[in-house]
Amino acid sequence: MTDTSAIAPGLKKSVLLKIRDLKIDGYTGETWVPIIKGVDLTLHRGEVMGLIGESGAGKSTIGAAAMGYARDGTRINPGSSIEFDGIELTTSTEADKRALRGSRIAYVAQSAAASFNPSHKLIDQHTEAPVHYRIKKRMEAQEDAIELYERLRLPNPGEIGFRYPHQVSGGQLQRAMTAMAMSCRPDLIIFDEPTTALDVTTQIEVLAAIRDIVDQFNTAAIYITHDLAVVAQMADTIKVLLKGEEVEQQSTEKMLASPKEEYTKSLWAVRSFERPQKARPKDATPLISVKNIDASYTGGEKVLDDVSFDIYPGMTVAVVGESGSGKSTTARVITGLLPPSKGEVLFKGEPLPPKYTDRSKDQLRQAQMIYQMADTALNPKVRISEIIGRPAQFYSGLKGTALKSRVDELLDLIELEPSKYYDRFPPELSGGQKQRIGIARALAAEPTFIICDEVTSALDQLVAEGILKLLDRLQSELDLAYMFITHDLATVRAIADEVVVMQHGKVVEQGPKEEMFTPPHHPYTDLLLSSVPEMDPNWLTTLLEERGVDNVGEAADV
Amino acid sequence: MGLFVILYFAFLIIASCLAAFYEKRSVFLMIFSLTMVSFVLGIVGGAGALRFVAITAAVLAFAAGISYAFKEFLIAIAPRNAAKELKTAPLTAAFGMFVIFTYAIAGIFAPWIAPHGESEVISSAFAPADANMLLGADQLGRDMFSRIIYGARNTVGLALLATLAAFFMGALAGLLAAVKGGWFDQFMGRFADVIMSIPSLIFALLMLSIFGPQIIVIICAVAIIYAPRVFRLTRAVAGNVVVMDYIEAAKLRGEGDWYLIRREILPNSTAPLVAEFGLEFCFVFLLVAGLSFLGLGIQPPTADWGSMVRENATLISFGDITPLIPAAAIALLTVAVNFVVDWMLWRSSGLKEM
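Residue numbers (my numbering), protein chains in the order written: chain A, 1 to 558; chain B, 1 to 354.
No wet-lab data here; the hints were simulated from the structure.
Ideal Cβ positions, reconstructed from N, Cα and C, are used throughout, including at glycine.
None of the hints are false.
With beta-carbon atoms standing in for the labels, derived distance ranges: (1) ILE77/B - PRO380/A: 27 to 35 Å; (2) ALA82/B - PRO380/A: 14 to 22 Å; (3) SER26/B - SER55/A: 34 to 42 Å.
So, partial list: chain A residues that the calculated Cβ filter (under 8 Å) puts toward chain B: (4) THR335; (5) ASN379; (6) PRO391.
Chain B with its partners taken away, still in its complex shape (with noise of 0.2 Å):
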């Protein structure tokens, strides 16, 4: 029995003891709990079983650090209003704050944070990993750390611009067809209808095989795909606000369509919008990883995610994860985005109000 195994246990039984001591009941049992899974454990898989158990914890320790030092730094910097939001913020939000975070600074400052070129080759193809290329060089001998930063810049910025273009349409279209109603509304219903029945990838490689891979265009496919989802949605938030007596009010007072959309609806629909915002912008993101991954999306030697995967996926064969990382990459920006998503439902549903 080594020293590890020794200290493993001796740490578990006495923070359990302390626990208890100090009546943390939900702490003491899953720390307790996890002592007694470790016996197992151990007499299974040895001391690389504990070793991983250890490892793992250490990491969302770390995590669950990490993002309480942002949380309170954020509560620290943000004015007043906005600092009492945060407070309520659960640390899992506060980790898709700092991940989101993260990415924007090494998307916004990724020439000066790379250290070689985005399509610069500097070595062998896939050169293991080295003091000079940290995650070691893709298919054709360029760092696959520096493509990542850039791929940050290029995947997040094109979904991210595309989900702003399905939103100004989608949400403008939406409030549109509640406030004026009738056949407008009617039209605009059965036109999203439409889009909708259209299988939204083939619907994509359409375009795109038409129109050619530009970045232009996947940003109108993407936004008229998803468009209609959030017309839908913005219509029944819109439509809820718009038979309340304050637009009533509006409307007697004789104001204008845009003057209700502006001041009085949108106002008081905004949060289920932004959490919609979101979840849009993960399916947007991982749709354009799919189409880059098809060869349609990003164009080579711009760097891409999605593309990275697919150029280096010759790789997983011999036992490398090198092909991985642009996945985890953009698994850890989805899990994210869904976490403050997430804590921003929490907050519009109205479940911490009694």
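Bound-form chain A, shown alone (with noise of 0.2 Å):
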């Protein structure tokens, strides 16, 4: 059922990939539930197709088909087809699709630093592919593997491969992921979500690398992430699926302008939620107040630097910043995990002890905490009416119907159905649903002040969005005050009153919302703030011509 009329003019070419019917099980410990319900797939040389969806909606399960590869504990059906250049994968013995992955078809995944055998060097694992395969010896290999670092744009190509992953950023691994899939020139590669885990400027320059390599080498690409604007950025044509089905297919263009279903259009519309920016009251005193901090881990070198910021009640204050800029450090010397090595935190006027063990119980309730990943924020041998009860027991003193009410009283606020998930485990719930429990506990403490460590990252824009509108529910029927860490912009401009920026540990710009995102800017406010993806798919083009092509990522000049 491919649209062909999707397809531009000047890139219909021959089929690369086809895949009818495609249908795959997974098993649940007693039976088989089908994943992917019959999905096609049609892939020409040189063309790039986006798969968008939340998780769960089988992208990488595709992705992974499309190698004839299926999982452990799924299986392709039987009915399924898998056509990659005239060879149907889902027949073939395992010797001839072993055969094809690596040399003809390409994989990169999505934590590169997870990917790379930590205990070989960068060039060794890149020209293992060729030398296996007999299509390189292993010098013209590593001639090969420079040459491809270099047109990566990875700095110092002659020598950065000899270098173990773990000497290597997370943005220069990720391209060295790609140069690796590239090794023995396939015709298709599949990039399963290659840029979830990097920072915005970090993930300009991937996003430039991968396009330039594969425009370069007419390869054919499977695209797969879940943020819309990175796949208008990359993609030909775009296939967004729900739960094991596809949605629609279009060509970028089109499906940006004029999607069909109501459920593109919702994905779509994510980002518009935005709430009215509140001012600072009037002669009040801030609820924390972060003075002239200095700290550091240790013996290491200094992570925080004369760090300042004041945070009123009920306000919202985003810490935006790449990773390693001290953000989620701030976080930790405000809970009093980690004391500071100069500098205090007052809260209303008073200072707290540094460290949270010489802090009474109510100093350590008025703050709390929702972690990013509510997978290990949450035990999952303790159920969710221990999870969320044992704050208000500890504070409170609450005990039987009293606390059970408590219980239902905070899952209603979270909007989860008490009498269905008071018993669950962790485990049995979906992220966004284990993220509101994370709130919950967080609200069981009646605190005044909460720190939001990147709670939406880790979940699909729809969700994160439902997130974010219950944390300005709760704010505005609590009078919470929250610190908001992320390096999401999109989330700043949805939810914060008032931004604070952060580089090298160091605040380096500070003012209500609307400032911050009026120019000027700082230099560094400003190189985030273009680096955010956008639903335009020339943004990349045009960024790149504005910056200067080696002006990207870590090689920008702040």
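Both chains are sitting in their own frames, so use the hints and assemble them into the complex.
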């Protein structure tokens, strides 16, 4: 059911990958449950197709199936057909499929850090495939690797390959992985969320590099992501998936301009949530006041350098910056996990003891945290009722029915049905629900101040929007102050009242949101702002022209 | 060619034809290779060898059948959650559970099951088996079968107590070390190193010769020998849990160490600890049996498998297998426990989840 009209005329080339009626089942311990329910996909040579959808939509499963691979615990249904360049993958032997993978079909994983073998040098891992398939001799392959590194604009292309994965930054590693995928000049590369784990500034350089190299070698690619703005830059065609079924497929321009299905429209509308900005209350003492904080981890360099900012009651302060800029360390200082080496934290004008062990129960109760990874933030072996009930029991001494009604009340507050979730365990919940439980646990302490550490970055956009709306509602109902740590400026735009921009452990710029989003900016703020992908398919091209190709990401001059 | 040989081959050939017809590939390959091996075996070893193969197969089938039935029995009587877990158990684990269950019954109800008393002399020394004595008599004329039954109670009970004590000490120290960290962690770690640096058997012999071979001394000595291993494992497992955000959240809430250990860490480290318990139990069991064999363990006339092997060892020279029976009892229990532990390790390793 390929809509051939959806492909731009210039790209109309021979078909490389043809998937028909793909059905994949997953094993749940007792029965096989369908994950992919009959998806068709046609990919031409040199075409880039974007697969988007929420987590659980089956994007990665389809990506793996394009290599004829079913992950552990899944199986490809016999009726499906996966034809790669005339070879039917569902019926070919494991040895045949293995010969294709790496040489003609390559895969770029989400986490390059986890996918490289930490005990081999980059270039040795790069040359493994071409040497194994006897496409090139080792020295030839090395020279080729260096050339690819150069094309991907990695710094010191001649030398970087001889480093170990941990000696290279995240964005560089992701580019090295793309180079590795290119090593055999495959016909098809599958990119499985290659930039999801990266900062906006680093993301740009990887996107630009991937796009260039795919263009240069006319490689076909399947680009899997949940970020629409990213897929708009990369793909010729976009396919939207929902729960293992195709929603619609269109060329990128058409899809962005006029989505047909309701679901697609709702995906497009996600970034529209915005809340009116609040001004600081006059003559009020700040709820939390961070004063000239210096901090470092044991024996290390200074991570925070003279950080000061105020948070007023009922307001949201967003702390933005790339990873390593000291955002989370600031949160650790405020909570008392990391005592500062200089400066102090004031709570309602009173200094807080620097170590959390020295704080009183009431001081601990006032400041709560919501974590990025709900998976690690909720104990998987403890029931929801206890996770939420424990703070209430611990701080307010509630017992028996009073405790139960308090838990019910909190579950109501986070829009989860109490009778249904009361006795469940965290692994039985979805990511968004887990994050809601995390919020309820923070609320159970009846705090006045909550630190939200990247609460939405691990979630899909639709779910993230729900969480943001919930946080906003709770703020107005309970008069909470939020410190919102994030690197996603769309989130900042949606929920913040004030913005603090951090770089290298220093506060670069701070002020009310509207001021921060209107020029003139500090150069670093400007870099951050302009690096946020936009829905315009030509955004990346324009940006690269403006900045110059060699002036993106880490190389950008601030 | 006897009737048995004809039936033997007829059965194998019909079974392999059926397997091939119903496209059970692995079953067919197994049965047919057995058929071809049997041709050679039959020529070399005659009907005796074939009979041996048939008996082995029958014993295996019997064990598999009883394991399967026992597993289904457990699933039927267990509560729903436990039943779901039990369904994932392989036949080997079911067999292990069955053996452990049998030993437990024998140990608990020993006085009622055993036909004679533990130290009751009822016949002449080394009397052969008869209707009264299932396995014959030992070197003093006591019923071997009754002593094996009582031995289950004494040896297994002692090993169980010693393992429990080792786990209690080791796990508690490991959890505390993981939670507290700092100098306490260092001190406990080095202390464990010191104990581990002393060869275990020599340590046990030393303790037993100083304090005398009493039950309580054996338990303490064995517990001290094995506690450091448990400590190390617990500390490593708990160390992985302690860095989680939910522990940080609980610490920031102001929870004490005891709450952290009891409610947050322990539920997340039980699976590897239970698996380790099974393994350590085997080692402890073998150490206790070894001590008894050396004459420093459980003292006569109390029945004990290790000392029973030693006391009847002379019979080996006469080609009698009686002394091997308590040894086989030890081996069977060790294998059974390991079968169950393998299953638990597989469950806790998360291999089943993708």
